[in-house]
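Generate the whole structure from the sequences, applying the supplied hints.
Heads up: the protein sequence lines correspond to chains X and F, in order. For the first sequence, the numbering used here begins at -13 and goes up steadily by one. For the second sequence, the numbering used here begins at 1211 and goes up steadily by one.
Simulated from the structure, these hints should not be mistaken for laboratory data. It is possible that part of the hints are untrue.
Unchecked claim - Interface residues of chain F toward chain X, partial, derived using beta-carbon atoms under 10 Å:
{"#": "1", "residue": "1230"}
{"#": "2", "residue": "1237"}
{"#": "3", "residue": "1242"}
{"#": "4", "residue": "1243"}
{"#": "5", "residue": "1255"}
{"#": "6", "residue": "1256"}
{"#": "7", "residue": "1333"}
{"#": "8", "residue": "1334"}
{"#": "9", "residue": "1335"}
{"#": "10", "residue": "1354"}
{"#": "11", "residue": "1358"}
{"#": "12", "residue": "1360"}
{"#": "13", "residue": "1363"}
{"#": "14", "residue": "1381"}
{"#": "15", "residue": "1385"}
{"#": "16", "residue": "1390"}
Stated by the list, open to error - Pairwise CB distance ranges, derived in the manner of DEER restraints:
{"#": "17", "chain 1": "X", "residue 1": "3", "chain 2": "F", "residue 2": "1277", "range": "28 to 36 Å"}
{"#": "18", "chain 1": "F", "residue 1": "1292", "chain 2": "X", "residue 2": "58", "range": "38 to 46 Å"}
{"#": "19", "chain 1": "X", "residue 1": "30", "chain 2": "F", "residue 2": "1273", "range": "16 to 24 Å"}
{"#": "20", "chain 1": "F", "residue 1": "1376", "chain 2": "X", "residue 2": "29", "range": "34 to 42 Å"}
{"#": "21", "chain 1": "F", "residue 1": "1288", "chain 2": "X", "residue 2": "11", "range": "22 to 30 Å"}
{"#": "22", "chain 1": "X", "residue 1": "-2", "chain 2": "F", "residue 2": "1271", "range": "40 to 48 Å"}
{"#": "23", "chain 1": "X", "residue 1": "45", "chain 2": "F", "residue 2": "1295", "range": "27 to 35 Å"}
{"#": "24", "chain 1": "X", "residue 1": "57", "chain 2": "F", "residue 2": "1235", "range": "56 to 64 Å"}
{"#": "25", "chain 1": "F", "residue 1": "1327", "chain 2": "X", "residue 2": "47", "range": "43 to 51 Å"}
{"#": "26", "chain 1": "X", "residue 1": "30", "chain 2": "F", "residue 2": "1376", "range": "14 to 22 Å"}
{"#": "27", "chain 1": "X", "residue 1": "52", "chain 2": "F", "residue 2": "1372", "range": "20 to 28 Å"}
{"#": "28", "chain 1": "X", "residue 1": "48", "chain 2": "F", "residue 2": "1234", "range": "39 to 47 Å"}
Think of the CB as a built atom: it goes at the ideal place given N, C-alpha and C, for glycine as much as any other residue.
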Amino acid sequence: MKEMQNHSGATGEHRLDALFAQYRAACPDQDASSNFMPQLWQKIDAGRKVPAFLFRRWAKVCAFATAASALFISTLLIPSYQRGPVYETHYVDVLFNADSKEDAVVLSEVTLPRVILQEAIAPHTGDWE
Amino acid sequence: MLIEFDVIERARTGDNAAFNQVVQAYRKRILGTIARLIGRPEDVEDVGQEVFLRLYYSLDQLRTAEVFEPWLYRLTVNAAYDYLRRQRRRRESRMSDLSEQQVMMADASAGGKQRTEEVRRTGIRELVQSLLGNVSPEDQMLLTLKEVEGLSLKELEKIYNINENALKVRLFRARQRVLKAYEAGVAERNSAQPSPAPGLGDVK
Chain X
-13 MKEMQNHSGA TGEHRLDALF AQYRAACPDQ DASSNFMPQL WQKIDAGRKV PAFLFRRWAK
47 VCAFATAASA LFISTLLIPS YQRGPVYETH YVDVLFNADS KEDAVVLSEV TLPRVILQEA
107 IAPHTGDWE
Chain F
1211 MLIEFDVIER ARTGDNAAFN QVVQAYRKRI LGTIARLIGR PEDVEDVGQE VFLRLYYSLD
1271 QLRTAEVFEP WLYRLTVNAA YDYLRRQRRR RESRMSDLSE QQVMMADASA GGKQRTEEVR
1331 RTGIRELVQS LLGNVSPEDQ MLLTLKEVEG LSLKELEKIY NINENALKVR LFRARQRVLK
1391 AYEAGVAERN SAQPSPAPGL GDVK
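Shown next, in the form of structure tokens:
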């Protein structure tokens, strides 16, 4: 049985070799058509032009992108510079000028037990018992 | 070498006439190799032009003229590989396809009057390409260079920059896969058609 397998394997190998040989004969060396060299040189020339063309194109794209981003940033920043300062007086002045009567009324309405107020006011000692 | 070293050196320095000489010296051989690597005669010139285009733009990277031929082969293999990768459809190597080709080959070999030699060649090309479709494009290249082009392991070593043992292992595996597909095709053909027919199982 093994011998038969070996034999068939060997036959397959031989047949495959023969097939490769036939394939080689079926694809002989062929010479190029008369257009081969002109077309090749056209491609070479086109390849030479491509980098310069691409560089120019990229340069234009970069210049446009730079101009557009500068314009965009300036439209965002210029109005904010032109706007006046938000706080024209100091914080202390604002507090001083604030109406303190309302605060007093609010505080008087709150009637908390004295003990709770003291606990709230007294600093925490860290003793939780 | 098909050309003098000094011509290659001149081509390296940008001499277009020398480059023309190089192309003309190697054109036939390279186109033949490409034809066997890709198996499609109609696209051979395009791939060939791609090879020489790459050669033109990378000739200045060639260290010495002595390694020109393996280097040109490498460019050829790469261009053919790129072509195959582009063209390769995920065709499972269906044995029904092989059988059709087998029938075509059988017809061609049996009825020479009806079928031309070109049809027979086309059948063989398609059959081998279909079998080679069972391995990756890289192994397909390698196997074709070894089995069809007849390059030695030393030459392949120079082209691929891989050591000989690794090449042997890779070649062996690729060949076994192709052989398996081939034998499966033969077996299927024999089971489908009791009487032995020439063609796939009877290549001589």
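Inset, instruction - Enumerate the violated hints, using their earlier numbering and listing them in ascending order. - result: 13, 14, 25, 26 and 27
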